[in-house]
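Residue-level listing of the chains:
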Amino acid sequence: MALDLNMPILVVDDYQTMVRIIRNLLKQLGFEEVDDASDGTAALAKLKNRKYGLVISDWNMEPMTGYELLRHVRADEGLRTTPFIMVTAESKTENVIAAKKAGVNNYIVKPFNAATLKSKIEAVCGA
Amino acid sequence: MGYASTQPTGKAEMRCPQSMIAELMEIADYISHMRTEIAALRANEMTRDRIPMAHEELGNVLQATAGATNTIMEAAEAMLALPDDAEYRANVEAQIYTIFEACAFQDITGQRIGKVVEALRNFELRLARFASAVRARDEGGIDPAEAERRERAERLLLNGPQPNGPAVAQDDIDALFA
Numbered sequence: 001m002a003l004d005l006n007m008p009i010l011v012v013d014d015y016q017t018m019v020r021i022i023r024n025l026l027k028q029l030g031f032e033e034v035d036d037a038s039d040g041t042a043a044l045a046k047l048k049n050r051k052y053g054l055v056i057s058d059w060n061m062e063p064m065t066g067y068e069l070l071r072h073v074r075a076d077e078g079l080r081t082t083p084f085i086m087v088t089a090e091s092k093t094e095n096v097i098a099a100k101k102a103g104v105n106n107y108i109v110k111p112f113n114a115a116t117l118k119s120k121i122e123a124v125c126g127a
Numbered sequence: 001m002g003y004a005s006t007q008p009t010g011k012a013e014m015r016c017p018q019s020m021i022a023e024l025m026e027i028a029d030y031i032s033h034m035r036t037e038i039a040a041l042r043a044n045e046m047t048r049d050r051i052p053m054a055h056e057e058l059g060n061v062l063q064a065t066a067g068a069t070n071t072i073m074e075a076a077e078a079m080l081a082l083p084d085d086a087e088y089r090a091n092v093e094a095q096i097y098t099i100f101e102a103c104a105f106q107d108i109t110g111q112r113i114g115k116v117v118e119a120l121r122n123f124e125l126r127l128a129r130f131a132s133a134v135r136a137r138d139e140g141g142i143d144p145a146e147a148e149r150r151e152r153a154e155r156l157l158l159n160g161p162q163p164n165g166p167a168v169a170q171d172d173i174d175a176l177f178a
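Order-wise, the sequence lines are chains U and L. Residue numbers for the first sequence follow full-length UniProt numbering, so the first one is 1 and each next one is one higher. Residue numbers for the second sequence follow full-length UniProt numbering, so the first one is 1 and each next one is one higher.
Hint data in this document are derived by calculation from the structure and do not stem from the laboratory. As the structure is a computational prediction, the values presented were derived from the model and not from experiment. Possibly wrong hints are sitting among the right ones.
[Said to hold, decoys possible] Computed footprint of chain U on chain L; a stretch qualifies when at least three of its residues, placed anywhere within it, have a C-beta under 8 Å from a C-beta of chain U: (1) 73 to 84; (2) 152 to 160.
[As the list claims (entries may be wrong)] If you want the ones that stay clear, here's a sample from chain L, every Cβ over 12 Å from chain U, calculated: (3) M20; (4) T36; (5) V61; (6) N70; (7) Q111; (8) D143; (9) A147; (10) D174.
[Unchecked claim] Chain U is faced by these chain L residues, among others (derived, beta-carbon under 7 Å): (11) A68; (12) T69; (13) I173.
Virtual Cβ for every residue (Gly too), placed ideally from N, Cα, C.
Looking at chain U on its own, in the form it has when it is part of the complex:
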C-alpha cells in the first residue's frame, strides 16, 4: 500500500524547533498537510476536531505528556485506530515497554535522522 501523502499529520512537541525539524522532514517526504500542538491537551482538542492519518508525539510535555495522550487516544472509540509514533529522548526500556503496552505503533529515540522517520512512517502507514 502506497503512502497517502495527502493525509493530515499531527506533530505534538513543546519545542518549536523540534516541530520545525519534523515539519521540514515531512515536507521532504512529500507530506503537505502537517499540523502541530504543543502538548497532549492541545493535541487531543485538535484530534477531536479533525481526522488525522498519523500522530507523531514527544513524550515529555506539560501539562499532558505524550504517554497520557497515547492512552487517551487508545481509550477513545473514535480515535483508537489512529496511527501513533512516539519520538522522544525517553530511551529507557521501561518507557519503550510502557508505550508498546499502551498501543504505540512505533518508537523513535531522539536524536534521529530523516531515514529513520521515513522508515517508521512507512512501517506504520504502509508503503
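Since chain U is already given, all that's left is putting chain L on it; use the hints.
For chain L alone, kept in the frame of chain U given last:
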C-alpha cells in the same frame, strides 16, 4: 514566680563547677568554630553574586542557542526553497556563510557554561566543608512541590535523556516493533 525553678532537681545541676566550666568552654569553642565555618560558607556572596550570575549566564546560553538554531534553520529552509537557476550556487554559499556565523554561538556559550560550572564547583566545596564541620545529617521530608514533581515523574515515566546517550538503541527498539 515560685522558688521551684531555682531548686536543684536533676543530675545536671549536681555536677561540680569544674565540669560545668569545661562543658561551657567546649560549647563556646564549638560556637566559635561554627561561626568560622558559617563565615567560610560566604552565604551572602553566594546569594547576592554567584547564584544570580549562574541564572543569568544560563539564561543567556538558552537565548543564544535558540537564536542560533533559528538562524541555522532559516538558512536551511531558504536553501531548500531556492530555485534551480544560474544563481543557485551563489545563493547556497551565502546561506552557508550565515550558518557558519551562527555557529559562533558555541564559543560564547562554552565560556558561559564554564563560569557556571566553576560556580557550582565552588558551592560544592563550600557546602561539603560546612556539612563536614557541623556533621550535618539529612533529615525531614522534601517540600510538597518537589514531592509532587517526583511523583509525576515516576508515574509518567519522565526519566529524561540518559547521561551517556540512549539507554536502548534504536535497533533494539525496532526489533521490539518488528
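Each hint tested on the structure:
With 4 residues having a beta carbon nearer than 8 Å to a beta carbon of chain U, the stretch 73 to 84 of chain L meets the requirement of three or more and the stated coverage holds. For the stretch 152 to 160 of chain L, the stated coverage by chain U is satisfied: 5 residues place a CB nearer than 8 Å to a CB of that chain, which reaches the threshold of 3. With 12 Å as the threshold on Cβ separation, the claim that M20 (chain L) sits away from chain U holds: the shortest Cβ distance comes to roughly 60 Å. With a cut of 12 Å on Cβ distances, T36 (chain L) stays outside the contact zone with chain U, its closest approach being about 45 Å.
V61 (chain L), annotated as away from the interface, keeps every beta carbon of chain U farther than 12 Å; the closest lies near 15 Å. At roughly 8 Å, the least C-beta separation between N70 (chain L) and chain U is not larger than 12 Å, which violates its mark as non-interface. At roughly 23 Å, the least C-beta separation between Q111 (chain L) and chain U is larger than 12 Å, which holds for a residue marked as non-interface. The beta carbon of D143 (chain L) is kept farther than 12 Å from every beta carbon of chain U, the shortest such distance being approximately 19 Å.
With a cut of 12 Å on Cβ distances, A147 (chain L) stays outside the contact zone with chain U, its closest approach being about 17 Å. A cut-off of 12 Å between C-beta atoms contradicts the statement that D174 (chain L) is not in contact with chain U; the least separation is 8 Å. Violation of the interface hint for A68 (chain L) is found here, the shortest Cβ-Cβ separation to chain U being roughly 11 Å, above the 7 Å cut-off. Taking 7 Å as the C-beta cut-off, the interface hint given for T69 (chain L) holds, the closest approach to chain U being about 5 Å.
Checking I173 (chain L) against chain U: minimum C-beta separation of about 5 Å stays under 7 Å; hint holds.
Violated hints, in rising order: 6, 10, 11; the structure is consistent with all others.
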